Amino acid sequence: GAVVSQHPSWVICKSGTSVKIECRSLDFQATTMFWYRQFPKQSLMLMATSNEGSKATYEQGVEKDKFLINHASLTLSTLTVTSAHPEDSSFYICSAPPGTVQETQYFGPGTRLLVL
Amino acid sequence: AQSVTQLGSHVSVSEGALVLLRCNYSSSVPPYLFWYVQYPNQGLQLLLKYTSAATLVKGINGFEAEFKKSETSFHLTKPSAHMSDAAEYFCAVSTGGGNKLTFGTGTQLKVEL
Chain U
1 GAVVSQHPSW VICKSGTSVK IECRSLDFQA TTMFWYRQFP KQSLMLMATS NEGSKATYEQ
61 GVEKDKFLIN HASLTLSTLT VTSAHPEDSS FYICSAPPGT VQETQYFGPG TRLLVL
Chain C
1 AQSVTQLGSH VSVSEGALVL LRCNYSSSVP PYLFWYVQYP NQGLQLLLKY TSAATLVKGI
61 NGFEAEFKKS ETSFHLTKPS AHMSDAAEYF CAVSTGGGNK LTFGTGTQLK VEL
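Residue numbers (my numbering), protein chains in the order written: chain U, 1 to 116; chain C, 1 to 113.
Hint data in this document are derived by calculation from the structure and do not stem from the laboratory.
Warning: the hint list may mix true and false statements.
[Unchecked claim] With the C-beta cut set under 7 Å, the calculated list includes, among others, these residues of chain U facing chain C:
no.: 1; residue: 40
no.: 2; residue: 44
no.: 3; residue: 61
no.: 4; residue: 93
The model shown is predicted, which means the values in this text are computed figures rather than measured ones.
We treat Cβ as the ideally placed atom computed from N, Cα and C, and that holds for glycine.
With the sequences and hints as input, model every part of the structure.
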């Protein structure tokens, strides 16, 4: 089946630094990818929709200047957390729908971010 | 707007017992409905989905769910729980093509001997 990977799987950084998380679709092309964050013991909250070749669409309340999204190719989207602070510590998960099966999404394994 | 409510943040069953995880949705248009499972520190795995075909949907690992429009429900069931079923389960809804998912708050399933 389709596979979505994320890198890194976990990262620890100092407050004020920036962190880049990659999301790759391994055996299909994805013009759209989604970024979610999940706090401990909570549900997934959609942050933004990453669109290949155009700007990302952010959900209400998500700072686009803090969470930079770049959909560089049909198989890669990156999320950069700029000037990270401890409250940005979370589990970040991406997903991607295979091009022709719009009602199915494949989720990456997630990236755990800890900001000290 | 669409939303999902999962009743019971924690459900505990005995091994071999029936599993019932509840999900109610709200949507102004015909929805697509999904159940996902998440194991600790992992991403989500699709269990099953309803996309306006048969109302009784069978998924992986023996799970199934029934779409009931009159009750706006999509409860997840499994006749006999196994220890390996212990995980977090999320119900999700989408409309207009299925890309944008709204998740419920999740139900932690515990399976006891």
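field: Earlier hints that do not hold, by number
entry: Violated: hints 1 and 3.
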